[in-house]
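Participant: Go ahead and model the full structure; you've got the sequences and the hints to work with.
When the letters of the sequence shown are read in order and numbered with UniProt numbering, they come out as residues 1 to 202.
Please note: incorrect hints may appear among the correct ones.
What follows is a set of in silico ranges between Cβ atoms, one per label pair, in the way DEER data are often shown [claimed, not checked]:
1. Asp107 / Ser15: 51 to 59 Å
2. Gly56 / Glu113: 19 to 27 Å
3. Phe115 / Arg7: 43 to 51 Å
If you are wondering where the hints come from, they were derived from the structure by calculation, not from laboratory data.
These figures come from a predicted structure and were not determined experimentally.
For glycine and all other residues, C-beta sits at the position ideal for the given N, C-alpha and C.
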Amino acid sequence: MVLLINRLIFRDPVSARNWLGVIFSTLGVMILLFQGNPLHATSLHTFSVGDLWAMGSALSWALYCSLLRLKDRRIPANGFVAVSSLLGALILLPIVIFWLMRHPAQDWAAWRELFFLSGLAYLVIFPSWLAYLFWNKGIAAIGATRGEIYTHIIPLSGGVLSILFLHTQPHAWHLFSALFIMVGIGICSLEKRQAAAIRLRG
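Facilitator: Here you go:
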């Protein structure tokens, strides 16, 4: 999706090798999604409100990645993430207040338990701060078109973590999914390295 947005809005050239890498990586994600059985695609014929929210989220993320190039390079990375998080919190605050008004009876004791506080600390430090910081730096270095393909590692890592921590039974399609995703990333990365080598020789 980022690739299409960059092509339509910024007129970025997209090579055949880049398309090939995206196709391979996307096939890997589909293998994981359908659990290695194409017949499982029939279970996706009905769309729910949750599916629409997920599609909207994917589109919003793609626009964020594509428009990140417009950020002034003089703005420090930490400051950019901090301001973005603050604005996001301000937008969500009315929703939280509305939810608390609709559900006034809360077991606040559970919110003070170590398990909840440690989970909250993890969310603040890793997904909300470091993940965005590293991602923004990566996109600034290699561009959104190439960087977007690394989002395909997310479902792959989810599958690996489910095997390690949730005792999910590993299957052959896990391996095939990982293979397709890594080959796709490798194809896109190889193109970037070759272009850099040509510039150095020039």
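Participant: Which earlier hints turn out false for this structure, listed by number in ascending order?
Facilitator: Of the numbered hints given earlier, the structure breaks just one, which is hint 2.
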